[in-house]
Amino acid sequence: MPDPLHPEAPQTDPAQSDALYDELLELALEAARRAGALLRDGRPADLGVAATKSSPIDVVTEMDLASEKLITGFLGEHRPDDGFLGEEGASSDGTSGIRWVIDPVDGTVNYLYGLPAWSVSIAAEKDGEVVVGVVAAPMRGETYQAVVGRGAFNNGERIRHRPAPPLSQALIGTGFGYLAERRAAQAEVVRTLLPQVRDIRRGGSAAIDLCDVACGRLDAYYERGLNPWDLAAGALIAREAGALTGGRPGQPVSHELTLAASPALFERLQPLLDELGAWHD
1 MPDPLHPEAP QTDPAQSDAL YDELLELALE AARRAGALLR DGRPADLGVA ATKSSPIDVV
61 TEMDLASEKL ITGFLGEHRP DDGFLGEEGA SSDGTSGIRW VIDPVDGTVN YLYGLPAWSV
121 SIAAEKDGEV VVGVVAAPMR GETYQAVVGR GAFNNGERIR HRPAPPLSQA LIGTGFGYLA
181 ERRAAQAEVV RTLLPQVRDI RRGGSAAIDL CDVACGRLDA YYERGLNPWD LAAGALIARE
241 AGALTGGRPG QPVSHELTLA ASPALFERLQ PLLDELGAWH D
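Residue 281 is where the sequence shown ends in this note's numbering, and the numbering goes up by one at each step.
Incorrect hints may appear among the rest.
Unchecked claim - Below, simulated SDA-like cross-link-like pairs (lysine to any residue); rule was C-alpha separation at most 20 Å, straight line:
| # | residue 1 | residue 2 |
| --- | --- | --- |
| 1 | Lys-53 | Pro-163 |
| 2 | Lys-53 | His-255 |
| 3 | Lys-126 | Lys-53 |
What the hints assert, rightly or not - Here are the in silico distance ranges between beta carbons for each label pair:
| # | residue 1 | residue 2 | range |
| --- | --- | --- | --- |
| 4 | Leu-179 | Asp-18 | 41 to 51 Å |
| 5 | Ser-92 | Glu-23 | 17 to 27 Å |
| 6 | Ser-96 | Ala-264 | 36 to 46 Å |
| 7 | Glu-188 | Asp-13 | 45 to 55 Å |
Honestly, the hints are just simulated from the structure, not real lab data. Note that the Cβ used here is the ideal one computed from N, Cα and C, for glycine as well.
The task is simple: from the sequences and hints, build the whole structure.
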């Protein structure tokens, strides 16, 4: 007879989890495909800014709004009890334990200017843990995906992080905030870090940068000020490709700092970024 004072934890049927994750992945892939096609093929020649957020540099276009509406409408039709967290305002708790974390255009300034480094990022959380991530980069013709515990893939091909080089030979990606004070602080970090590494790249889409770590196109990526929708899918893809992700030493990725790198380089870079103050303005 079970001990009423020490009840057994409920067991999750692995087959049920696999089926759920398969469903979430297929929905995320289709939603990202549809949104990517809308953004690629429907971009107006005279695309303009619909609104600004934290500063005139932090923009929203009408296509950001259209993409988020498409994604939430498609996912809500198939899973009406799920919650949402979207960059452009989609927010609901849901009742299923699943929440979709959506960036309808990651790299909006790139998109506004007609630069190719933009993406659609969709992640699914189960009880607060990211279990599925999809990042579609239509102008690259690439879609990155991961399910927790199953590895990471680009267009169906398994991907892995690049073996760690010495810090002096590391190619590192980063990004900058929208407020002048934060950008000035970030410039100081770069000024000190740049002489110590091979080079630094600024792509303009956090989701793509994280996937580039997963693919071995960057040795590491760090940035201060990311939001959940910026990093949820890409960080899972990086981890499933064998990279480490985290924030300040001993902390997970956060708004303060997000870092992804191959394990040996991560162990060298994380304390250095902490010492340089990459986590504060």
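Against the structure, the hints:
Between the alpha carbons of Lys-53 and Pro-163 the distance comes to roughly 39 Å, so the proposed pair goes past 20 Å and is violated. For the given pair, Lys-53 sits about 17 Å from His-255 by alpha-carbon distance, which is consistent with the 20 Å threshold. Only pairs whose Cα atoms come within 20 Å are accepted, and Lys-126 paired with Lys-53 is rejected, the gap being roughly 29 Å. Under the hint 41 to 51 Å, the C-beta atoms of Leu-179 and Asp-18, about 44 Å apart, fit the expected range.
Our hint of 17 to 27 Å for Ser-92 and Glu-23 holds, since their Cβ atoms are close to 19 Å apart. Checked against the hint of 36 to 46 Å, the C-beta distance between Ser-96 and Ala-264 comes to roughly 40 Å, which is consistent with it. Look at Glu-188 against Asp-13: about 52 Å separates their beta carbons, and that is inside 45 to 55 Å.
Of the hints listed earlier, those the structure fails to meet are numbers 1 and 3, in rising order.
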